[in-house]
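Please arrange chains B and U on chain E, whose structure you already have, making use of the hints.
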Amino acid sequence: MGESSFLTGFLMISNIKTIIFIALLIGTFFIVKHFEKKKVKFSTRTIYATIIGLILGVIIQLVAGLPEDPSQVDWLQEVSKWYGLFGYGFMDLLKMLVVPMVFVSIIRVIINMKEGDNLQALTFKSLGMLLGTTCLAAIIGIVVGNVMKLGVGFEATGIEAPEMREITPLVDTLRGLLPSNPVLSMADGNIVAIIIFATFLGLATNRTKKKYMDTVKPFIDLVEAFYKIIVSVAMTVIKFMPYAVVALLANTITARGLSSMISVVQFVVALYVATAILFVVHLIIIAACGLNPITYIKNAAEPLLLAFTSRSSLGTLPVTIDTLVKKHGVEEGVASFTASLGANMGMNGCAGIYPALMAITVANMAGIDKDISFYVMLLVVITISSLGIAGLPGTATMAVSVVVSGVGLGAYFPLAGGILAIDPILDMGRTMINVNGASVTSIAVGNSLGKIDKDIYNRKNTVTTEDRSA
Amino acid sequence: MGESSFLTGFLMISNIKTIIFIALLIGTFFIVKHFEKKKVKFSTRTIYATIIGLILGVIIQLVAGLPEDPSQVDWLQEVSKWYGLFGYGFMDLLKMLVVPMVFVSIIRVIINMKEGDNLQALTFKSLGMLLGTTCLAAIIGIVVGNVMKLGVGFEATGIEAPEMREITPLVDTLRGLLPSNPVLSMADGNIVAIIIFATFLGLATNRTKKKYMDTVKPFIDLVEAFYKIIVSVAMTVIKFMPYAVVALLANTITARGLSSMISVVQFVVALYVATAILFVVHLIIIAACGLNPITYIKNAAEPLLLAFTSRSSLGTLPVTIDTLVKKHGVEEGVASFTASLGANMGMNGCAGIYPALMAITVANMAGIDKDISFYVMLLVVITISSLGIAGLPGTATMAVSVVVSGVGLGAYFPLAGGILAIDPILDMGRTMINVNGASVTSIAVGNSLGKIDKDIYNRKNTVTTEDRSA
Amino acid sequence: MGESSFLTGFLMISNIKTIIFIALLIGTFFIVKHFEKKKVKFSTRTIYATIIGLILGVIIQLVAGLPEDPSQVDWLQEVSKWYGLFGYGFMDLLKMLVVPMVFVSIIRVIINMKEGDNLQALTFKSLGMLLGTTCLAAIIGIVVGNVMKLGVGFEATGIEAPEMREITPLVDTLRGLLPSNPVLSMADGNIVAIIIFATFLGLATNRTKKKYMDTVKPFIDLVEAFYKIIVSVAMTVIKFMPYAVVALLANTITARGLSSMISVVQFVVALYVATAILFVVHLIIIAACGLNPITYIKNAAEPLLLAFTSRSSLGTLPVTIDTLVKKHGVEEGVASFTASLGANMGMNGCAGIYPALMAITVANMAGIDKDISFYVMLLVVITISSLGIAGLPGTATMAVSVVVSGVGLGAYFPLAGGILAIDPILDMGRTMINVNGASVTSIAVGNSLGKIDKDIYNRKNTVTTEDRSA
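Just so you know, the sequences run in chain order E, B and U. Under the UniProt record's numbering, the first sequence has 425 at position 425, and the numbering climbs by one with no breaks. Under the UniProt record's numbering, the second sequence has 227 at position 227, and the numbering climbs by one with no breaks. Under the UniProt record's numbering, the third sequence has 258 at position 258, and the numbering climbs by one with no breaks.
Hints are computed from structural coordinates only; laboratory data are not their basis. Source: prediction; values computed, not measured. Be a bit skeptical, because a hint or two may be false.
Identical copies look the same in the list; a pair holds intra-copy or inter-copy alike.
[Claimed, not checked] Below, in silico cross-link-like pairs of lysine-lysine (DSS-like), each with a Cα-Cα straight-line distance of 30 Å or less:
#, residue 1, residue 2
1, Lys-41, Lys-209
2, Lys-451, Lys-114
3, Lys-326, Lys-211
4, Lys-451, Lys-37
5, Lys-39, Lys-211
6, Lys-210, Lys-228
7, Lys-37, Lys-210
8, Lys-209, Lys-451
Looking at chain E on its own, in the form it has when it is part of the complex (with noise of 0.2 Å):
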């Protein structure tokens, strides 16, 4: 206790160097805030803003000299967790405006649909999405997995006892998603929940509106006003995107630091590389679409390098939505149903290429054979697991919990502790990769059902945040 107490238990500065790097990052805001004067595009700002990031965290991780486990050193936890009140604070307002904006801006969809308009169309399309790309993730996770032979040399012989987290039944799972008090399900953040909540009060509206629209009328105006007002919160939130980012990813590895991933080196490897691929694979979607990747990338840039350094699916939602709407063209109605759908289901990341890698690794390590019977079992079982892990906490984890021990190794899961301690790490890559699939599949409904300006799309990512300010 005493007066170290008060710096390190209350300050959380005990050490020169925490000053020194607190400082730092302060100055890199002066660097992104001079590119915004110099008017540097938004998109090339984030970029710039990651690169810095990435720099300023080898810097901390240097000065600290390399150490094995970062958590050990005092002030390299003090730094990250005051570049943490930054980065997730700025986190916490996007997250902030989840709840309304899934709420408010689902009822608006359904109650703009017109006649003609399919709700059940885009429900099971954007469901068949998810988890047709879900699977896809599944199937390259399992061939780059057994390509570079991941576990392959580490065969344990003893093995202790198991530590996985308990299964929920998908059953549990399917009823907790549903909003048994709307306001309790607003509270614990429950999307799936809100959005069935909204999709009533919004099929009721629609529906009441046709013989009572004076009574009905100011509601609907009510849930227009504050749509408006809510986006207009978002775009002031967004503008401060760029200077997150740098303490977001200099926050990771701060923390996390480079050395441990030479352990897992291979893994870390094999994730990325999946990643690489389910993003081309992506990319050719978007061309079976009709549409040019090359745009695609460009325009997406924001989200992806958010959901990167952030590693919050449902934090970027509001950045994702905003992007498919005014940079992908999509009709604002089916953007906010698909992105929101797939920021809760089917993740290509954290429920499709992780527990597939996860699964070859493991089976490796206990030196299981495995059969075509195995790998059939395997993306069955990711493949309604996707669904079935839906909102719960700890999405990845969870996901691998039950695909590990739904194809029987759950008893041999320990022996992938050491994967587990740098799962932030791996967790950038799959939370990008989760974003990715929600837009994917977003543009390939919208474009499905003809919800897509292409001009929009087209105008080659002019958009500047003297833009988004409007």
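Then chains B and U, alone, in the frame of chain E:
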């Protein structure tokens, strides 16, 4: 662990019988659908659904060989879980409506009150009727319990340590009913708190609109709009009731079995006899209001069957209110107010009949002399506690804990263990008579305030689902 | 168990004295009602109620024979519980208004801001004044503590294991203030988060309305309507204040007793002396603003007495805002903003005087040498932590934990145990000076921004309850 863990732990389908009976349930849905197409009346369809659910449940129990403890048979538990998804999933959607519906409808009632209307009269009459019928229920329970000599012959000598629920003091319960944070009250589903907050808002709006109509009109209009919409959502959900009723009843029989009832059959019979007698008393109250009791039965079928099969007074609330308004002709305001109160306070079954029967049983088991002061005490305790346990979870068990210890029998409570095991079977009757008590209260109060449209009441149940969906 | 369990555990009436004193409280209500009928001014009635509550509490303690530990006397606890139902029940109804009132009034303030208005100036001036007065409070606490030689003569030799509250790091507290889910923030009553979210909404509305007035007008109108209504609800609830004040003060004296104060009387005296000095300093600030301090005292009586008797800054908030607007003439926006902030940050009593006195006491008890660096450190720690403990439960105890360990005395903290036992007695003075600090801040900030209507301020408190209910 292993594959079985995926099937049993995650999918909950480990036996071919599970699949067969899930398929059979879906098969019954087509039968129900068939009746719908044939334009069979909604309440008739609900009765058919109850019969189908009963048959389905009995078949399942027969196939399982009438096990004494169904919780030991894995596939029975799996079937029960999956049936629950359909049945309780429906109840979740109904519950979803409770918080917004109670909140908005109470505000609306009070805004629309005219000069002559008396909120105090409504409140006091409602509470008086609820407590009065609960007291009647207790008297019936005492008489039936004594006539059937419940617990006589099961006198215990050695008594084990009591395992009662801890009693929450009345003062704390009353304070807990106050809405110290209305958003928290909504998230917690604290209905009485929501009623109080909504009453304050409604009164303030009513007062303010005299001077500042222009300012507060947007709020009044929004309340009207949202009420219209939420009622329309209720209509949509309620249409699925017959399907849910099949699943709910089959689920209860599957999970609890028939043979488990034998050991406590006397208590089950007593409860249903008392329920039947109270039902007749309720009909006499209806007749005393100058209304036709036969018409009442026809009109009330839907909420009563839903309460019986779902065992949730609160979940049934949207259907109860809808029936009171559309079939019994009670004014919307009175119906919302009394039915919402009655779903939480003065519950005839849970807080009246059940604790009375339990107290008699336990007293007989313990070999206690019951004199006149015992019975007076019992009535006083039951009536006060029916108010004081409002809003607590596990109302019936809490009521028994308060009452049994209230009359000095706390130490003998464990004797009733066998009865608690089949609680869901008892809960069906209890919940039905709760809802009936609230409905009768609503009609009697509405009648005494001149707020019943007798033309609607007497049009002999010609409302069909088609009318409903209007 | 048994009958006594029903009376003591459930009803909390096991002694004839409990009934007599409940009856006596209700008797005092008729006296208060009598004053109301005689058209005695509202603030005068509140003062009378405080005196009645004091007398009632002392009578109860005398009847109980001035026990050293009132928590050992059952009927005292029962009386306290029942008095609490009236007193804290009233506070619950006031607290009910806090979340909607803060949310709506902040949005309204910002929507109504004109071009020239400066939100940043308002924010910084408010925070500056709050921290400044907290620092002043700490200086007064240090001086009083030293003059009265608190803790001298109680030096301890053997020290037991410390039992401090765990310190929440500043960074975590700051992030906890962000509204990462606005519905959760509302359910949790996280006022600073609600202010931030409301500020974003207000700014966005203000920006959007320039271009899209038609679209956002329904939202603006609804905010105005709801504000009008919630203020009207506040008026209704506030009218019951004199009754609650009797119950609240009698409750505190009943539960804590008079004799328990003797052992720590020196500390109690010191706290109230420091509070009185700070009150004078507050009046000097008022005078420095060119306003009449005597008028201030007359105008501020109601919130100060409610704070004193209820010990809840947050619960008093609706009364504080109402008084600032209606009596001190502060513009509604400034009043809502600064008073809401001041109920959570820079609390003069809880985070200023109290931790200063405690630190001096503990230092003297521990026999520590206090040099100039000790005092500087103490002031810095108090001022920073008054910001950093915002919104945490048990603010005062948390402040002491942070401050005492912040100046290196954590190990000696247990020495102060006797003082914590009479915390409610201290809390009355602390809460009053918190509210006074927030009110003075509001007036000073309002004055510097030209947002005070001096005609209202100077009309010499002629507002009566009758005006209030208008």
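Status of the hints after comparison with the structure:
1. Lys-41 - Lys-209: Answer is between; shortest inter-copy Cα gap is 27 Å, intra-copy 43 Å.
2. Lys-451 - Lys-114: Result: close within a single copy only, 13 Å intra versus 40 Å inter.
3. Lys-326 - Lys-211: between (34 Å within a copy, 19 Å between copies)
4. Lys-451 - Lys-37: The answer is neither: 36 Å in one copy and 35 Å across copies each exceed 30 Å.
5. Lys-39 - Lys-211: between (51 Å within a copy, 24 Å between copies)
6. Lys-210 - Lys-228: both (24 Å within a copy, 13 Å between copies)
7. Lys-37 - Lys-210: between (51 Å within a copy, 25 Å between copies)
8. Lys-209 - Lys-451: Both: 24 Å inside a chain and 29 Å across chains, each within 30 Å.
Hint 4 from the earlier list is the only one contradicted by this structure; the remaining hints agree with it.
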